[in-house]
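Between the sequences and the hints, there should be enough to build the whole structure, so can you do that?
So the sequences go chain by chain: A and B.
So in my numbering, spot 125 of the first sequence is number 125, and the numbers just go up one at a time.
So in my numbering, spot 145 of the second sequence is number 145, and the numbers just go up one at a time.
Honestly, the hints are just simulated from the structure, not real lab data.
Careful, some of the hints might be misleading.
Calculated Cβ distances over 12 Å to all of chain B for the following chain A residues [unchecked claim]: (1) VAL101; (2) GLY112; (3) GLU262; (4) ASP603.
Output of the computed footprint for chain B on chain A, the stretches with three or more beta carbons under 8 Å from beta carbons of chain B [claimed, not checked]: (5) 267-278; (6) 538-544.
This one's a predicted model, so the numbers in the text were calculated from it and none came from an experiment.
Glycine included, every Cβ here is placed at the ideal spot set by N, Cα and C.
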Amino acid sequence: MSTIRLIQRAVFVLVVLMLVVGCAAPAPAPAPTQPPQPTAVPATAKPPEPTKAPVMEPTKAAPAPTTAPAAKYTEAPLLVEQVKAGKLPPVEQRLPQNPLVVKAEKIGTYGGTWRMGMTAGTDDPSFYKIFTYEPLVRWNIEWSDIVPNLAEKWDVNKEATEYTFYLRKGVKWSDGKPFTADDIVFWWDDVELNKDLAPAPPVWMIVNGKPGSVTKVDDTTVKFTFAAPYGLFLQNVASANGRSMLNFPKHFAQQYHAKYVEKAKLDEAVKAAGFSSWREYFIARVGQADGGGFGQYSVAGRPMLYAWMVEQPMSGTATQVSFVRNPYYWKVDANGQQYPYIDRLTYGVFADAAAMLLKATNGEIDLQMRHFNTLPNKAVLFDNQKKGDFSFIDLVPVTSNAVVVNLNLTHKDKALREVFQSKDFRVGLSYAINRKEIIDTVYVGQGTPAQAAPLADTPFYNKQLATQYIEYDVKKANEYLDKVLPKKDANGMRLRADGKPLTFVIEISNSLQDQVDAGNLIAKYWKAVGVNVQAKPEDRALLYQRKDANDLDAMIWNGEGGLGPMFDPRNFFPYSTESAFAEAWQYWYNGVRDNTAEEPPADVKKIMDAFNKAMTQPEFTGQVKAMNEMLQMSADYFFCIGVTTPPLAYGIVKNNMGNVPKKMINGWQYPTPAPTNTFAYFFTK
Amino acid sequence: MLQYILRRALFMIPTLLVTSLVAYIIIELPPGDFATSYVANLAAQGDTASQETARVIREQYGLDQPVTVRYLKWMQGILTQGNYGIAFEMRQPVASLIWERVWLTIVLSIGSVIITWLLAFPIGIYSAVKQYSPGDYLFTFLGFIGIAVPSFLLALVLMYIQFKYFGTTSGGLFSTEMSNAPWSWDKVVDLLGHIWIPVLILAFGGTAELIRIMRANLLDELRKPYVVTARAKGLPEWRVLLKYPVRLALNPFVSTIGWTLPYLVSGSIILSVVMNLPTTGPMLLRALQVQDMYLAGALILILSALTIVGTLVSDILLAWLDPRIRYQ
Numbered sequence: 001m002s003t004i005r006l007i008q009r010a011v012f013v014l015v016v017l018m019l020v021v022g023c024a025a026p027a028p029a030p031a032p033t034q035p036p037q038p039t040a041v042p043a044t045a046k047p048p049e050p051t052k053a054p055v056m057e058p059t060k061a062a063p064a065p066t067t068a069p070a071a072k073y074t075e076a077p078l079l080v081e082q083v084k085a086g087k088l089p090p091v092e093q094r095l096p097q098n099p100l101v102v103k104a105e106k107i108g109t110y111g112g113t114w115r116m117g118m119t120a121g122t123d124d125p126s127f128y129k130i131f132t133y134e135p136l137v138r139w140n141i142e143w144s145d146i147v148p149n150l151a152e153k154w155d156v157n158k159e160a161t162e163y164t165f166y167l168r169k170g171v172k173w174s175d176g177k178p179f180t181a182d183d184i185v186f187w188w189d190d191v192e193l194n195k196d197l198a199p200a201p202p203v204w205m206i207v208n209g210k211p212g213s214v215t216k217v218d219d220t221t222v223k224f225t226f227a228a229p230y231g232l233f234l235q236n237v238a239s240a241n242g243r244s245m246l247n248f249p250k251h252f253a254q255q256y257h258a259k260y261v262e263k264a265k266l267d268e269a270v271k272a273a274g275f276s277s278w279r280e281y282f283i284a285r286v287g288q289a290d291g292g293g294f295g296q297y298s299v300a301g302r303p304m305l306y307a308w309m310v311e312q313p314m315s316g317t318a319t320q321v322s323f324v325r326n327p328y329y330w331k332v333d334a335n336g337q338q339y340p341y342i343d344r345l346t347y348g349v350f351a352d353a354a355a356m357l358l359k360a361t362n363g364e365i366d367l368q369m370r371h372f373n374t375l376p377n378k379a380v381l382f383d384n385q386k387k388g389d390f391s392f393i394d395l396v397p398v399t400s401n402a403v404v405v406n407l408n409l410t411h412k413d414k415a416l417r418e419v420f421q422s423k424d425f426r427v428g429l430s431y432a433i434n435r436k437e438i439i440d441t442v443y444v445g446q447g448t449p450a451q452a453a454p455l456a457d458t459p460f461y462n463k464q465l466a467t468q469y470i471e472y473d474v475k476k477a478n479e480y481l482d483k484v485l486p487k488k489d490a491n492g493m494r495l496r497a498d499g500k501p502l503t504f505v506i507e508i509s510n511s512l513q514d515q516v517d518a519g520n521l522i523a524k525y526w527k528a529v530g531v532n533v534q535a536k537p538e539d540r541a542l543l544y545q546r547k548d549a550n551d552l553d554a555m556i557w558n559g560e561g562g563l564g565p566m567f568d569p570r571n572f573f574p575y576s577t578e579s580a581f582a583e584a585w586q587y588w589y590n591g592v593r594d595n596t597a598e599e600p601p602a603d604v605k606k607i608m609d610a611f612n613k614a615m616t617q618p619e620f621t622g623q624v625k626a627m628n629e630m631l632q633m634s635a636d637y638f639f640c641i642g643v644t645t646p647p648l649a650y651g652i653v654k655n656n657m658g659n660v661p662k663k664m665i666n667g668w669q670y671p672t673p674a675p676t677n678t679f680a681y682f683f684t685k
Numbered sequence: 001m002l003q004y005i006l007r008r009a010l011f012m013i014p015t016l017l018v019t020s021l022v023a024y025i026i027i028e029l030p031p032g033d034f035a036t037s038y039v040a041n042l043a044a045q046g047d048t049a050s051q052e053t054a055r056v057i058r059e060q061y062g063l064d065q066p067v068t069v070r071y072l073k074w075m076q077g078i079l080t081q082g083n084y085g086i087a088f089e090m091r092q093p094v095a096s097l098i099w100e101r102v103w104l105t106i107v108l109s110i111g112s113v114i115i116t117w118l119l120a121f122p123i124g125i126y127s128a129v130k131q132y133s134p135g136d137y138l139f140t141f142l143g144f145i146g147i148a149v150p151s152f153l154l155a156l157v158l159m160y161i162q163f164k165y166f167g168t169t170s171g172g173l174f175s176t177e178m179s180n181a182p183w184s185w186d187k188v189v190d191l192l193g194h195i196w197i198p199v200l201i202l203a204f205g206g207t208a209e210l211i212r213i214m215r216a217n218l219l220d221e222l223r224k225p226y227v228v229t230a231r232a233k234g235l236p237e238w239r240v241l242l243k244y245p246v247r248l249a250l251n252p253f254v255s256t257i258g259w260t261l262p263y264l265v266s267g268s269i270i271l272s273v274v275m276n277l278p279t280t281g282p283m284l285l286r287a288l289q290v291q292d293m294y295l296a297g298a299l300i301l302i303l304s305a306l307t308i309v310g311t312l313v314s315d316i317l318l319a320w321l322d323p324r325i326r327y328q
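Structural data, given as structure tokens:
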């Protein structure tokens, strides 16, 4: 009898345990994403009082429903309902006086949800590249010019030290509050220059070692002033660097800011929200100084200037994030229909790109060009095109080269450094690479042999830089190498000047399989001409740490600056820590004066000066001319060894999505696909 | 008994402290820190972050301070304020990120234990009593498959079948409408509608193992003289069986309670990643990859604590179940 009781008891204990756990589960679930002050913004971001008369409306004469503006602009059915219910003012009162008219290829229809996937980590670019690219001025679709955006027009003084932007009058944040010059001044004075929020102001706003200043001229005019001519400023504003500028709605952000809130009150709020400093609190609720991170996406209904605003916020446990149309978006199409066409964006949060791939093959992703869109996955997607009802978009890479070998010209070992610094040695190694074979075996035939250089069809193309020493010629290779290291050991491997065998390691990130494969082939080719090299794949973080500490012999990475060499000339001279071929010189160039830095020789310094000169040209044509002088010097120096032009990347798009270009430039400074006007994409019926 | 429990509970404190220290050191071991992996991660996606950004991140999160200082600060925060630090990547307090996942992990874990037991217990008894019968062979065969096939592979096969023949994709513990909704009865129902697949997958392997153990243990017991005596005295067969042999054979069931959580966290990470389950596994994996050490440390600490508590529970149950266990 007792046995039965025992089992009964055991089962009972278990059931109770399960129930306790099961019931307890919902209770402690926190709501981390809600702002502490419930008055701040309601979850759905309805504008506060629809009854309040907007400024531009005459107070006495009630507007007849047939007046001109009413007929001029139309809006999405989703918003019509809200206007009827009195939750929103009519569309003409929400739009600015002079909305930005963007002509799309086709006039679209409203509605639908654009489904995408993202990874759970540092993936705010998934938002930025789709819809949060709304700088003061933006790139045109072709990436050839800068066009107005939030700023209607701008003035530059003759010396290129003063930039004045005239903001579009009447633009409102997504909560209906006006957007003014104060918001931009807040970004600069209270966020970027606030030591608590940003220990140092961003590099792109610093000229001659001095941060620029931002002043309000009037409500819709803002002026940027720099200590010296700064020709690339507009380009920076139109690119990823400018993204943080419009992230900080002052009326919302100030409730989290120490300057605007009483200390005791703020401390209490910080503690209540589980943070240990107001900086963390501000970053989590408003955003970071660099514009990255998830702060601005983690509060539902937070005021934004983008076409869509947060509906289901991003959080650590979110498995889906969604954005809904911003009723105050300030762009219209040629017929006066308010953008965006698509009602909602949803992002599934995935731990694994394979799960995303499965969704895509099943047609559950509408347009995407990140994460699962790799060359190996292309075949799977190709086979499922019909089933998933999607097709491919070509993405033209802005990178200059798929495989760039960086020999460490500033190696800590004097003997190796001397060998690497010899141009003949690098030329010999370049001739020894069978580029055709790498292209055929690693890149399925996509690409042409090339050095790391700006791509053809850009004003920066330099034939010498792009095509020197790219033939596969073992005899020539040996000739050049013999000039530097004529002595060989019994196995035919070259000896250094001090008699020791020459041997070094090429480190490669194991996350980039194509480069690992190419690296192994390159090691094979070089051994064939007597240079004893090992290819070593390793963890990316380790590789980066060793690179930054100048501990590498050589490293493979892809080339940058194929289309926009001014933004990232890392392969053309020791420009940033990404210039893996000369970390010590690069540190010197960037003003570091400790034992990691080393003054470069005069010819390298000349190239640095040439780039600095290009940076200060106020006009684009002047910049191109100065840049080309710099690139010619770089070609003569021959810093690093490229292999092939990068293969085309691809995205997938549902067949019922309209206004999506079939071919796009793929970049970061040009954050694809945002500059192709994602707000004008639509679903055909 | 009470003294036994108290002593065991006291032992837990140093164990936890050591665990936390070990966890922290392990997280510190790989080269680089969150800032390096942040920059490298962006670079791999074709984006660039300046070295300045890395420096700023390091400064902001105190990564430039020595390990010991950081550990002590971390422990101090936990012990005095329940503050587990900030998750670097999400820029949110760790505590607000992990609890929901911890609860879901526990629910998944206990659910699969119960299913495992409900299946393994009767099948094990049957297999032992009817040794070498067709039924025994059938379960043995299934059992070997269950032991041999890793859970994530099973999940992949199921997902493929679902995709290929039913045109749907699975994954997650909630439907899309419910995933971000606050907890409610509807959400619990939604959870129950989704959780059974991973629970069954996880239970499959465990069941097979326990069937084998149960069968072997029970076979040992069944041949002992006291069983023969009991039978000779004319006790009905089911009482002969349940009174002592089964009770003794239950030992492995009870003694594995404590291991359930670590098994779920380590053994099911791949399953959770593949099926996109919002449990602690994928979060821990991600945190380790990007060296989000406060998040990873907190997860390891909490799961260790739960494991230690689980072991205590199974010790107590064992002591109560098995008269051979002494308290001294």
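Original post:
Do at least three Cβ atoms from the stretch 267-278 of chain A come closer than 8 Å to Cβ atoms of chain B?
Top reply: holds (count 4)
Original post:
Taking a Cβ-Cβ distance under 8 Å as contact, does the stretch 538-544 of chain A have three or more residues in contact with chain B?
Top reply: holds (count 6)
**OP:** Evaluate the condition: distance from the CB of ASP603(A) to the nearest CB of chain B exceeds 12 Å.
**Re:** 25 Å, holds
Original post:
Once the closest CB in chain B is found, is it more than 12 Å from GLY112(A)?
Top reply: Correct as stated: the minimum Cβ-Cβ distance to chain B is 15 Å, above 12 Å.
Original post:
Against chain B, does VAL101(A) keep a CB gap of more than 12 Å to every residue?
Top reply: 31 Å, holds
Original post:
Is the Cβ of GLU262(A) farther than 12 Å from every Cβ of chain B?
Top reply: 22 Å, holds
When held up to the earlier numbered hints, the structure conflicts with none and fits them all.
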